[in-house]
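Trainee: Residues per chain are reported as follows:
There are 2 protein chains.
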Amino acid sequence: MSNLHHPIFNPEKSRLTDGDFSRDEVRLAGRNSGTLLEALRWDLTPAGMHYLLIHFDVPFVETADDWTLSIGGLVEKPLTLTLDDLKRRPVRSLRVTLECAGNGRAGLTPRRSSQPWHHEAVGTAEWTGTPLKGLLEEAGLSPRGRDVVFYGRDRGFSGGIEHDYGRSLVPDKALGDDVLVVWAMNGAPLLPQHGFPLRLVVPGWYGMASVKWLDRIDVIDRPFDGYQQVGSYIYRERVEDPGTPITTMRVKSLIVPPGVPDVYTRRRLVERGRVELFGRAWSGAGVPIEKVEVAVDGQWQNARLAPDIGRYAWRGWRLDWEATPGEHELMCRATDANGDVQPIAPRFDMSGFGNNAVHRIDVTVR
Amino acid sequence: MSNLHHPIFNPEKSRLTDGDFSRDEVRLAGRNSGTLLEALRWDLTPAGMHYLLIHFDVPFVETADDWTLSIGGLVEKPLTLTLDDLKRRPVRSLRVTLECAGNGRAGLTPRRSSQPWHHEAVGTAEWTGTPLKGLLEEAGLSPRGRDVVFYGRDRGFSGGIEHDYGRSLVPDKALGDDVLVVWAMNGAPLLPQHGFPLRLVVPGWYGMASVKWLDRIDVIDRPFDGYQQVGSYIYRERVEDPGTPITTMRVKSLIVPPGVPDVYTRRRLVERGRVELFGRAWSGAGVPIEKVEVAVDGQWQNARLAPDIGRYAWRGWRLDWEATPGEHELMCRATDANGDVQPIAPRFDMSGFGNNAVHRIDVTVR
Numbered sequence: 059m060s061n062l063h064h065p066i067f068n069p070e071k072s073r074l075t076d077g078d079f080s081r082d083e084v085r086l087a088g089r090n091s092g093t094l095l096e097a098l099r100w101d102l103t104p105a106g107m108h109y110l111l112i113h114f115d116v117p118f119v120e121t122a123d124d125w126t127l128s129i130g131g132l133v134e135k136p137l138t139l140t141l142d143d144l145k146r147r148p149v150r151s152l153r154v155t156l157e158c159a160g161n162g163r164a165g166l167t168p169r170r171s172s173q174p175w176h177h178e179a180v181g182t183a184e185w186t187g188t189p190l191k192g193l194l195e196e197a198g199l200s201p202r203g204r205d206v207v208f209y210g211r212d213r214g215f216s217g218g219i220e221h222d223y224g225r226s227l228v229p230d231k232a233l234g235d236d237v238l239v240v241w242a243m244n245g246a247p248l249l250p251q252h253g254f255p256l257r258l259v260v261p262g263w264y265g266m267a268s269v270k271w272l273d274r275i276d277v278i279d280r281p282f283d284g285y286q287q288v289g290s291y292i293y294r295e296r297v298e299d300p301g302t303p304i305t306t307m308r309v310k311s312l313i314v315p316p317g318v319p320d321v322y323t324r325r326r327l328v329e330r331g332r333v334e335l336f337g338r339a340w341s342g343a344g345v346p347i348e349k350v351e352v353a354v355d356g357q358w359q360n361a362r363l364a365p366d367i368g369r370y371a372w373r374g375w376r377l378d379w380e381a382t383p384g385e386h387e388l389m390c391r392a393t394d395a396n397g398d399v400q401p402i403a404p405r406f407d408m409s410g411f412g413n414n415a416v417h418r419i420d421v422t423v424r
Numbered sequence: 059m060s061n062l063h064h065p066i067f068n069p070e071k072s073r074l075t076d077g078d079f080s081r082d083e084v085r086l087a088g089r090n091s092g093t094l095l096e097a098l099r100w101d102l103t104p105a106g107m108h109y110l111l112i113h114f115d116v117p118f119v120e121t122a123d124d125w126t127l128s129i130g131g132l133v134e135k136p137l138t139l140t141l142d143d144l145k146r147r148p149v150r151s152l153r154v155t156l157e158c159a160g161n162g163r164a165g166l167t168p169r170r171s172s173q174p175w176h177h178e179a180v181g182t183a184e185w186t187g188t189p190l191k192g193l194l195e196e197a198g199l200s201p202r203g204r205d206v207v208f209y210g211r212d213r214g215f216s217g218g219i220e221h222d223y224g225r226s227l228v229p230d231k232a233l234g235d236d237v238l239v240v241w242a243m244n245g246a247p248l249l250p251q252h253g254f255p256l257r258l259v260v261p262g263w264y265g266m267a268s269v270k271w272l273d274r275i276d277v278i279d280r281p282f283d284g285y286q287q288v289g290s291y292i293y294r295e296r297v298e299d300p301g302t303p304i305t306t307m308r309v310k311s312l313i314v315p316p317g318v319p320d321v322y323t324r325r326r327l328v329e330r331g332r333v334e335l336f337g338r339a340w341s342g343a344g345v346p347i348e349k350v351e352v353a354v355d356g357q358w359q360n361a362r363l364a365p366d367i368g369r370y371a372w373r374g375w376r377l378d379w380e381a382t383p384g385e386h387e388l389m390c391r392a393t394d395a396n397g398d399v400q401p402i403a404p405r406f407d408m409s410g411f412g413n414n415a416v417h418r419i420d421v422t423v424r
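As you go down the protein sequences, you meet chains A and B in turn.
So that you can map any letter, position 9 of the first sequence is 67 in the working numbering, and since no number is skipped, the others follow by simple counting.
So that you can map any letter, position 358 of the second sequence is 416 in the working numbering, and since no number is skipped, the others follow by simple counting.
FYI, nobody ran anything at the bench for these hints, they're computed from the structure.
Any given hint could turn out to be false.
[To be verified] Which bits of chain A does chain B cover? Going by a derived footprint, with three or more residues having C-beta under 8 Å, they are: (1) 115 to 125; (2) 213 to 222; (3) 313 to 320.
Heads up, the beta-carbon is just placed ideally off N, CA and C, and yes, glycines get one too.
In isolation and in its complexed conformation, chain A is listed as follows:
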């Protein structure tokens, strides 16, 4: 990997602001598509509605025929595997909710100028592939292996540094049971924008760990220092903080906005009478959702949880609301089995990561 610095690619263009949104932010919003909140009704997000954060460009890969995955570095037996080789291995499917670590960034004040997500960077799919563990065991990790690095074929500049997108997992995590090398999403080959033909899926973690267009795995003798590992995806309150690397998703929930919208403001109009509120809740690392509460005008009530659809997948919830004419504020918040609960107000993060504050929606009932 060449770590090239180039003077015109100036990392200082991304700044903290509390004003309107810059053209660069809007251009990113045009590239990165979110899951529409009404699409939370589907257990599995339909093709093309699952959120996407594309750092660089989607590689133009017309066929998987000559794609290979190489596993090298500190291993006893380096491997080079085709898609067919991989598909002959044990196959496993998992339903996994993925969320972008920057989801909610646009709700922070001040906010980092970057992809301006409001709430929409989360989706759930059934991912099919083979456990990473088996591949690493076959290659045979050296005891000197300190970090397992995953590279995609997407390339560009972040923070002034040119690199292929790369992320790592420590051997204990990489050898866990549930990390998959994946070739199918909801029963179909990966779409180009979701990593065709091959990607990693790290259940329970924010999306940055699930490297798309995966073509090589490198076992190294030191912690990986690539930009996406040490220069981004770090919780920090101030520039000078050493910070905490971002790993698992924080507990969170969202409401499907009831009623009908105004096309421009997205303000909702709801008919009076019984309204079934519906939404989703999830947490990280496979920790179950224990409780979802909904507040109408500040009065909290417990919602009913829908059946569990998978350890790593979001959970539906419902609450019947007797809507009375006037203006109302709806909020929801989830609590997970660790006792973690969503905060009412966002916690500040310098880069806009990990905002899991409660979701609020204003509605007019007539």
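Fit chain B to the given chain A structure using the hints.
Mentor: Just chain B now, with coordinates in the frame of chain A:
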């Protein structure tokens, strides 16, 4: 259709501005996803990468089993057809490039506050369905029929008016050969966000005519005065202009940005030497592309046109460029068989419609 005005849904919130982008604009950009420019390499835009302009909410339709299309109003024999009924009729597939009439809005100064598209609201798919003409002939249009109105199941407020999304075609156009009632896209059932289970496709027109979630057709004795027909999708330079209704797409072309991007600014870095520039060009109403020119630093050259892939589909083009180190500006412009050519600078439109100015990309060659 009830045309309800509600005081909180204030159409004046959408305004002309030349400043940064408002939160409302960014929220829309988060909902409406564009085709990534690198995806122009595919003749048919892959599932989930085709642009989407969703006015209201995507209806939650789990099955097509109880969906019907009704054809009524000034017809001899009103019809109510299931999906199975429709699929037993003559089947036709067409490759059609659709573009949002608001594509390029964000490049106008001043601009209307609305969905802030830059270049990405265009895509091409193979649409399969049955000709509308046959359905209308079976129902038997009354000679008193002046307009054929198409309604979707999506509902909300635009311009302060509550309505189901509706658009019309005059009988001559509706009875043309190429307007389709469509249930499949690129060989698969429509995705929810593209109109599942049924939509209209009007080849050669901007996307607003291709009504999604189509469930009823109404033949009326006067020109349709619904909001989407007379309150929006009108070219106007000033508020007081009567304006011109928007119909067919204007000639246009785009470049796939060469090299690799900076994640935030999308600025491109290109290696010196031969670079094959590639892009797409299209026009409206099935008018062929006659010529594509590419300018490097203002010097125009003719590009080579790729094979035609369909009367209503975009056309690929290529040009070899010997890239020399330094800063360069690339532009492309198309000319169609009517002699219409893209302007260098955008024409102003009050609502940001029909911007077909040349596409410019700045690149750094090393």
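Trainee: Confirm or reject each hint.
Mentor: Hints and how they fare:
1. 115 to 125: Per the Cβ count (3), the hint holds.
2. 213 to 222: Coverage by chain B holds here, the residue count being 5 at a Cβ distance below 8 Å.
3. 313 to 320: Coverage by chain B holds for the segment 313 to 320 of chain A (4 residues, Cβ < 8 Å).
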